[in-house]
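J.: Here are the chains, one letter per residue:
There are 2 protein chains.
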Amino acid sequence: MAKLTSRSEDYSKWYNELVVKADLAENSGVRGCMVIKPYGYAIWEKMRDELDRMFKETGHQNAYFPIFIPKSYFEAEEKNAEGFAKECAVVTHYRLKNDPENPGKLIVDPEAKLEEELIVRPTSEAIIWSTYKNWIQSYRDLPILINQWANVVRWEMRTRLFLRTAEFLWQEGHTAHATKQEAVEETEKMLEVYADFAERFMAVPVIKGIKTPSERFAGAEETYCIEAMMQDGKALQAGTSHFLGQNFAEAFDVKFTNKEGKMEHAWATSWGVSTRLMGALIMAHSDDHGLVLPPTLAPIQVVIVPIFKGEEQLNQINEVAFELQGKLKAKGISVKYDNDDQNKPGWKFAEYELKGVPVRIAMGARDLENKTVEIARRDNLTKEVRPLENIENYIEELLKTIQNDIYNKALSFRAENITEVNSYEEFKKVLEEKGGFISAHWDGTAEEEEQIKNETKATIRCIPLDAKAEEGVSLISGRPSNRRAIFAKAY
Amino acid sequence: MAKLTSRSEDYSKWYNELVVKADLAENSGVRGCMVIKPYGYAIWEKMRDELDRMFKETGHQNAYFPIFIPKSYFEAEEKNAEGFAKECAVVTHYRLKNDPENPGKLIVDPEAKLEEELIVRPTSEAIIWSTYKNWIQSYRDLPILINQWANVVRWEMRTRLFLRTAEFLWQEGHTAHATKQEAVEETEKMLEVYADFAERFMAVPVIKGIKTPSERFAGAEETYCIEAMMQDGKALQAGTSHFLGQNFAEAFDVKFTNKEGKMEHAWATSWGVSTRLMGALIMAHSDDHGLVLPPTLAPIQVVIVPIFKGEEQLNQINEVAFELQGKLKAKGISVKYDNDDQNKPGWKFAEYELKGVPVRIAMGARDLENKTVEIARRDNLTKEVRPLENIENYIEELLKTIQNDIYNKALSFRAENITEVNSYEEFKKVLEEKGGFISAHWDGTAEEEEQIKNETKATIRCIPLDAKAEEGVSLISGRPSNRRAIFAKAY
Chain A
1 MAKLTSRSED
11 YSKWYNELVV
21 KADLAENSGV
31 RGCMVIKPYG
41 YAIWEKMRDE
51 LDRMFKETGH
61 QNAYFPIFIP
71 KSYFEAEEKN
81 AEGFAKECAV
91 VTHYRLKNDP
101 ENPGKLIVDP
111 EAKLEEELIV
121 RPTSEAIIWS
131 TYKNWIQSYR
141 DLPILINQWA
151 NVVRWEMRTR
161 LFLRTAEFLW
171 QEGHTAHATK
181 QEAVEETEKM
191 LEVYADFAER
201 FMAVPVIKGI
211 KTPSERFAGA
221 EETYCIEAMM
231 QDGKALQAGT
241 SHFLGQNFAE
251 AFDVKFTNKE
261 GKMEHAWATS
271 WGVSTRLMGA
281 LIMAHSDDHG
291 LVLPPTLAPI
301 QVVIVPIFKG
311 EEQLNQINEV
321 AFELQGKLKA
331 KGISVKYDND
341 DQNKPGWKFA
351 EYELKGVPVR
361 IAMGARDLEN
371 KTVEIARRDN
381 LTKEVRPLEN
391 IENYIEELLK
401 TIQNDIYNKA
411 LSFRAENITE
421 VNSYEEFKKV
431 LEEKGGFISA
441 HWDGTAEEEE
451 QIKNETKATI
461 RCIPLDAKAE
471 EGVSLISGRP
481 SNRRAIFAKA
491 Y
Chain B
1 MAKLTSRSED
11 YSKWYNELVV
21 KADLAENSGV
31 RGCMVIKPYG
41 YAIWEKMRDE
51 LDRMFKETGH
61 QNAYFPIFIP
71 KSYFEAEEKN
81 AEGFAKECAV
91 VTHYRLKNDP
101 ENPGKLIVDP
111 EAKLEEELIV
121 RPTSEAIIWS
131 TYKNWIQSYR
141 DLPILINQWA
151 NVVRWEMRTR
161 LFLRTAEFLW
171 QEGHTAHATK
181 QEAVEETEKM
191 LEVYADFAER
201 FMAVPVIKGI
211 KTPSERFAGA
221 EETYCIEAMM
231 QDGKALQAGT
241 SHFLGQNFAE
251 AFDVKFTNKE
261 GKMEHAWATS
271 WGVSTRLMGA
281 LIMAHSDDHG
291 LVLPPTLAPI
301 QVVIVPIFKG
311 EEQLNQINEV
321 AFELQGKLKA
331 KGISVKYDND
341 DQNKPGWKFA
351 EYELKGVPVR
361 IAMGARDLEN
371 KTVEIARRDN
381 LTKEVRPLEN
391 IENYIEELLK
401 TIQNDIYNKA
411 LSFRAENITE
421 VNSYEEFKKV
431 LEEKGGFISA
441 HWDGTAEEEE
451 QIKNETKATI
461 RCIPLDAKAE
471 EGVSLISGRP
481 SNRRAIFAKA
491 Y
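Protein sequences appear in the order of chains A and B. Residue numbering for the first sequence follows the working numbering, beginning at 1 and increasing consecutively. Residue numbering for the second sequence follows the working numbering, beginning at 1 and increasing consecutively.
Source of the hints: derived by calculation from the structure; they are not laboratory data. Treat the hints with care, since some could be wrong.
To be verified - Label-pair distances were calculated between CB atoms; the ranges are:
#: 1; chain 1: A; residue 1: GLN313; chain 2: B; residue 2: GLY59; range: 24 to 32 angstroms
#: 2; chain 1: A; residue 1: GLU182; chain 2: B; residue 2: LYS371; range: 38 to 46 angstroms
#: 3; chain 1: B; residue 1: SER138; chain 2: A; residue 2: GLY59; range: 33 to 41 angstroms
#: 4; chain 1: A; residue 1: GLU192; chain 2: B; residue 2: VAL385; range: 17 to 25 angstroms
#: 5; chain 1: A; residue 1: ASP288; chain 2: B; residue 2: ARG140; range: 22 to 30 angstroms
#: 6; chain 1: B; residue 1: ARG140; chain 2: A; residue 2: LYS113; range: 48 to 56 angstroms
#: 7; chain 1: B; residue 1: ASN380; chain 2: A; residue 2: GLU82; range: 52 to 60 angstroms
#: 8; chain 1: B; residue 1: ASN390; chain 2: A; residue 2: ASN318; range: 41 to 49 angstroms
#: 9; chain 1: A; residue 1: LYS409; chain 2: B; residue 2: ARG53; range: 29 to 37 angstroms
#: 10; chain 1: A; residue 1: GLU82; chain 2: B; residue 2: ARG200; range: 45 to 53 angstroms
#: 11; chain 1: B; residue 1: GLY59; chain 2: A; residue 2: ASP10; range: 37 to 45 angstroms
#: 12; chain 1: B; residue 1: GLU250; chain 2: A; residue 2: ASP288; range: 37 to 45 angstroms
Just so you know, even glycine gets a beta-carbon here, dropped at the ideal spot from N, CA and C.
With the hints as constraints, model all of the structure from the sequences given.
T.: See the structure below:
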């Protein structure tokens with residue numbers, strides 16, 4: 001197995017190689033579309049199941065809406081169309097036929113042209129709100145709290161596995177409410193769910209904030225986001241929650257009779273996270289040996305590797321290993337015993353390091369004699385020899401420790417790489433020499449935001465929800481500002 | 001709530017009304033595409049989770065492949081293209097733009113025409129085998145046992161909710177093997193999984209069999225199926241498992257070095273079930289009052305309805321009901337306590353009958369005095385009054401009884417509606433007067449099969465795997481036959 005390119009050598013190349021070598025995903029023969037391989041999909045499934053549980057706990061139900069959206073639906077909400085309907089996959093025909101001039105070849109049947117083109121959903125507000133129109137008559141029909149797990153397509157020109165692909169998997173929540181306040185509360189509640197998920201399960205600390213108007217979701221009144229720092233100091237938007245006001249209700253004429261008997265447009269939210277989270281998970285923790293997975297999302301949490309010469313030794317180790325495997329499984333720990341005799345222990349060690357298995361237990365003949373095992377942690381690459389007796393309890397605790405340590409490591413890294421600056425000169429110097437997130441005053445205008453972006457490639461990631469009031473002057477215009485925004489280069 | 005059309009009056013109308021009134025699904029604004037509503041989706045989720053568990057137990061892993069398939073991939077496997085690539089959604093462009101002549105309108109940008117058209121997958125053999133080409137070099141890479149949960153699109157002209165829709169949800173297993181025998185065994189194993197799921201979870205008895213050549217999957221060497229009988233006597237194909245031979249390996253040049261060091265094409269299977277199973281579930285058990293759901297797949301297994309006058313009585317009932325709810329939940333039973341005071345008990349009774357909740361517990365003031373509850377079974381509409389004490393144990397057993405009873409009722413119905421006939425006259429008479437499945441001899445030719453189909457609309461559903469050897473003569477040609485096939489009109 002050829003070594004990975006190191007992060008310091010070429011971070012971008014390291015990421016691309018890691019995704020492929022760790023069997024997470026690969027590019028397909030279809031431009032911009034990826035194949036998510038079983039190991040990658042198993043991690044995504046764990047994310048999905050956990051998020052799904054959290055959505056249900058907060059009162060949401062799943063449903064499924066059509067993948068196609070008639071072109072005219074996009075015309076109803078101008079901003080949304082401007083943001084999404086332009087670069088998309090357009091279905092214009094519904095039949096192929098044999099090419100009369102080239103036997104064995106297929107051509108589009110010109111007689112099977114659709115009257116109205118269909119767009120493969122880039123996001124589902126339009127199709128869902130056109131449906132809600134029939135579901136909502138009275139305040140008694142509200143709230144509607146629906147989530148959808150689905151694939152979506154956006155015609156991206158430059159794609160990267162998980163981070164930006166033409167087709168990706170995601171969930172999109174679409175809720176309808178009787179009051180503005182309730183919709184805003186829902187938007188904020190789901191941001192909390194995302195932040196909680198990112199921190200407790202992905203072990204990725206996030207900054208909760210709101211987007212500037214120019215970075216808002218197309219059609220939203222306010223976009224909330226969680227922003228995570230990758231190991232190269234760049235930001236990755238890990239989830240967004242949008243307060244959509246009455247924009248979609250107006251576009252699709254969704255009115256209800258309120259408690260006072262008056263007709264009113266419904267209030268909307270939408271919120272989503274996608275397979276992009278896989279990119280965040282990989283880039284936040286992994287190292288030059290391969291993936292580092294937090295135990296809560298690792299498809300295999302513990303691997304047991306026997307070190308043996310000959311069948312007799314293997315049989316002896318098998319007995320002990322199977323028993324330990326059983327004890328760990330009884331604790332709900334996912335454990336693999338790899339006693340395949342085709343590959344050497346060293347090969348297996350490297351393989352499970354590459355795959356990010358949090359704990360490796362090695363068992364040799366001497367361990368058997370001494371009633372010990374060797375335990376290796378993937379996150380910090382430390383090893384220790386411990387007594388076999390009750391080792392399952394130790395492992396159970398160790399997995400929690402590793403989860404916390406991975407989170408804390410990412411948190412320290414972030415703390416070291418957020419810099420407060422008070423002048424544009426300092427801003428540019430820090431961005432170039434140190435990178436990371438920069439906390440700075442901004443005058444609130446799109447002009448200053450745009451100028452900074454054009455000159456430095458750094459964008460305003462968010463205005464943190466917990467930003468404290470602080471008088472200052474903005475970087476370029478020198479206008480007064482009362483709190484800091486977070487700037488960074490971003491994925 | 002208006003009553004359902006009865007099954008005897010108009011079976012087809014009854015089904016369509018039931019699907020909509022029970023909040024399972026509805027037609028969308030997109031031709032042929034349905035919206036699966038939360039209650040319907042919750043049933044599908046339970047099916048999916050159970051099947052997923054069964055697939056993983058039999059060694060399969062999930063993965064995800066692109067939704068788009070380049071047109072040329074279909075040209076590689078001629079039969080598959082013939083069967084699937086013709087009536088499909090064709091993506092020809094990747095951009096819309098503002099219509100310069102009609103402000104607010106969008107048009108397809110003629111400059112954004114794809115070099116090669118993309119087909120929205122109707123099934124994924126082509127894209128998956130084009131990927132397997134890179135994954136398979138040696139017999140050590142085999143078997144590959146992969147499943148995908150996905151949406152697929154087939155341009156159906158006449159659609160019906162769940163039974164036949166342009167877009168539907170399904171799973172598709174795609175496996176690759178080193179030997180023919182192993183692939184055949186896999187095909188048969190997955191048929192067993194489907195049959196087991198249908199019978200134990202859906203409570204729908206199925207006939208396992210093989211399809212005739214003319215009913216085979218496009219590109220398969222052998223198609224195995226499970227066929228279920230609906231209450232109108234018609235057949236519904238509930239799942240298929242295909243032995244694909246080396247057809248796709250040849251089409252996509254997937255070769256491996258076998259144990260003897262020789263290059264060989266891999267052997268393939270594919271197998272799938274879809275949201276069509278929802279249609280089977282509904283039509284197999286439901287009655288004129290609404291859905292009848294087997295407890296294993298019911299999103300709500302037990303509903304508790306209080307019968308009260310005034311708040312004081314409600315408070316007293318609440319106390320007992322919440323305690324009972326807790327005890328049932330502790331047993332893993334999904335239970336809803338509906339103490340909403342907007343709707344009358346009679347309305348609630350009808351509503352939960354419509355939704356197919358297997359067990360309804362009613363609690364009134366007199367029940368409180370007598371320490372009893374009234375228990376109503378949805379499947380046979382019987383009621384009984386029982387002591388409240390330890391009622392949770394009784395309910396737990398009752399749910400199992402109901403599951404068995406629903407299955408046995410369907411089994412008896414099927415037994416009564418399979419008729420053995422020995423002449424074409426008898427065949428036509430039984431089909432017209434009684435309907436159901438007809439067991440008859442067939443000469444094995446496509447001609448006779450076709451003639452019967454054209455003259456009676458009955459098709460050969462399958463040749464049952466357990467058909468016993470029996471000498472006979474075929475219906476029309478009078479040629480000798482050594483076992484019976486199952487004929488029926490079908491969905």
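J.: Please test the hint of 52 to 60 angstroms on the beta carbon pair from ASN380 of chain B and GLU82 of chain A.
T.: holds (58 angstroms)
J.: Confirm or reject the claim that LYS409 of chain A and ARG53 of chain B have a C-beta distance inside 29 to 37 angstroms.
T.: holds (35 angstroms)
J.: In this structure, is the beta-carbon distance linking GLU182 of chain A and LYS371 of chain B contained in 38 to 46 angstroms?
T.: Hint holds: Cβ distance 42 angstroms, inside 38 to 46 angstroms.
J.: For the hint 37 to 45 angstroms, verify it against the beta carbon of GLY59 of chain B and that of ASP10 of chain A.
T.: holds (38 angstroms)
J.: Confirm or reject the claim that GLU250 of chain B and ASP288 of chain A have a C-beta distance inside 37 to 45 angstroms.
T.: holds (42 angstroms)
J.: Is the distance from the Cβ of GLU82 of chain A to the Cβ of ARG200 of chain B consistent with 45 to 53 angstroms?
T.: Check passed, 52 angstroms falls within 45 to 53 angstroms.
J.: Given a hinted range of 41 to 49 angstroms, is it respected by the beta-carbon distance of ASN390 of chain B and ASN318 of chain A?
T.: holds (47 angstroms)
J.: Is it true that the C-beta distance of GLU192 of chain A to VAL385 of chain B lies inside 17 to 25 angstroms, as the hint says?
T.: At roughly 47 angstroms between Cβ atoms, VAL385 of chain B and GLU192 of chain A fall outside 17 to 25 angstroms, so the hint is violated.
J.: For the range 24 to 32 angstroms, tell me whether the beta carbons of GLN313 of chain A and GLY59 of chain B fit it or not.
T.: Taking Cβ atoms as reference, GLN313 of chain A and GLY59 of chain B lie about 28 angstroms apart, which means the hint holds.
J.: Is 22 to 30 angstroms respected by the C-beta to C-beta distance linking ASP288 of chain A and ARG140 of chain B?
T.: Cβ of ASP288 of chain A to Cβ of ARG140 of chain B: about 28 angstroms, so the range 22 to 30 angstroms holds.
J.: Does the beta carbon distance between ARG140 of chain B and LYS113 of chain A stay inside 48 to 56 angstroms, or does it fall outside?
T.: holds (49 angstroms)
J.: Can the suggested window of 33 to 41 angstroms be confirmed for the beta-carbon pair SER138 of chain B and GLY59 of chain A?
T.: violated (51 angstroms)
Consistency note: the structure conflicts with the earlier hints numbered 3, 4.
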